[in-house]
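*Asks:* Letter by letter, the chains look like this.
2 protein chains.
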Amino acid sequence: MRWDEVADLQCSVARSLAILGDRWTMMLIREAFLGTRRFDEMQVLSGASPQVVATRLSRLVEAGILRKIAYQQRPTRYEYRLTEMGRELHPVMVALMTWGDKWLDDGQGPPNPLRHATCGAITRPKMICDQCGEPVSVNDLVSEPSERMARQRHEMLAAAKSSS
Amino acid sequence: MRWDEVADLQCSVARSLAILGDRWTMMLIREAFLGTRRFDEMQVLSGASPQVVATRLSRLVEAGILRKIAYQQRPTRYEYRLTEMGRELHPVMVALMTWGDKWLDDGQGPPNPLRHATCGAITRPKMICDQCGEPVSVNDLVSEPSERMARQRHEMLAAAKSSS
Numbered sequence: 004m005r006w007d008e009v010a011d012l013q014c015s016v017a018r019s020l021a022i023l024g025d026r027w028t029m030m031l032i033r034e035a036f037l038g039t040r041r042f043d044e045m046q047v048l049s050g051a052s053p054q055v056v057a058t059r060l061s062r063l064v065e066a067g068i069l070r071k072i073a074y075q076q077r078p079t080r081y082e083y084r085l086t087e088m089g090r091e092l093h094p095v096m097v098a099l100m101t102w103g104d105k106w107l108d109d110g111q112g113p114p115n116p117l118r119h120a121t122c123g124a125i126t127r128p129k130m131i132c133d134q135c136g137e138p139v140s141v142n143d144l145v146s147e148p149s150e151r152m153a154r155q156r157h158e159m160l161a162a163a164k165s166s167s
Numbered sequence: 004m005r006w007d008e009v010a011d012l013q014c015s016v017a018r019s020l021a022i023l024g025d026r027w028t029m030m031l032i033r034e035a036f037l038g039t040r041r042f043d044e045m046q047v048l049s050g051a052s053p054q055v056v057a058t059r060l061s062r063l064v065e066a067g068i069l070r071k072i073a074y075q076q077r078p079t080r081y082e083y084r085l086t087e088m089g090r091e092l093h094p095v096m097v098a099l100m101t102w103g104d105k106w107l108d109d110g111q112g113p114p115n116p117l118r119h120a121t122c123g124a125i126t127r128p129k130m131i132c133d134q135c136g137e138p139v140s141v142n143d144l145v146s147e148p149s150e151r152m153a154r155q156r157h158e159m160l161a162a163a164k165s166s167s
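Top line first, the protein sequences correspond to chains U and H. Going left to right, the first sequence walks through residues 4 to 167 as my numbering numbers them. Going left to right, the second sequence walks through residues 4 to 167 as my numbering numbers them.
Bear in mind the hints are in silico, worked out from the structure with no lab data behind them. Since the model is a prediction, treat every value here as computed from it, not as a measurement. Check before you lean on any hint, since a few could be wrong.
If several chains are the same, the list does not tell them apart, and a pair holds so long as it fits within one copy or across any two.
As the list claims (entries may be wrong) - Result set (DMTMM-like, lysine to aspartate or glutamate): computed pairs, CA atoms no more than 25 Å apart in a straight line:
id, residue 1, residue 2
1, K129, E87
2, K105, E87
3, K129, D143
4, K129, D109
5, K129, E91
6, K105, E147
7, K105, D7
8, K164, E91
9, K71, E44
10, K164, E8
11, K71, E87
12, K71, D43
Full structure from sequences and hints, please.
*Replies:* Here it is as structure tokens:
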């Protein structure tokens, strides 16, 4: 499968990864959440090459995750800001950070603690069910693949079997 | 910056991405959460080439996210299962899925709805503060970079300025 075909899978994780699942793309989205808006700073702080930053930012604008805004005329200069679609990636970032804080700690504690403005405490957000309000975990969330997802996966396995 | 240097950044998102932020790696973790354990099925269902699957699975074992278990002798055959460290990536997967369900819907609804075993309802999990129990959002979580994170970012910007 080519990478761009991942977007056609019947799976929202795969579809999300088709846009986000690139080494430097998520680093640029991380920068956007940290408040970085300008190309040069995005480039330096993400560590990607200018060419990589340029292609990834264009794709993110095309996908609707960032918008490009002129902040200066003569010469025109642009900055990049998260759209609503982009801002809603916040739980993905928080989940990645929380996991890294726990499992990739270098002994110095969280590099970037999050404070909850509502209560004033340093927080480690967790997930609850939006229906009953109880915590959810890998043990009590059961996926119920749609018929089209199940069929697509069945066909992929069948095709591989018949070609081997 | 080379990709492997991303792991040295003072940021848990970056450190997580240094392991996970590769096109096919997250697809393989997705497969593991969907219950796929064997190399061949991982390969077919992720869509990656056998070589890519082999290198990525090895790295995930090395990182402690998957473990490799012999399930058959003569010839020895292995399967891959999530470790505790791997299972704790569940919120990342759920957040990616929830985002994709909303923003990348093809008009047919969620490909893979999640049912919460505790209450029996189809759920779209959301994040709350582990201290006060109230919802968290991008608007009320304030990052408080550690001194070492702030210093690293400052030095990266200063180094870029002095070399240009």
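*Asks:* Of the numbered hints stated previously, which ones are contradicted by the structure, given in increasing order?
*Replies:* Going through the list in order, the structure violates hint 8 alone and respects the others.
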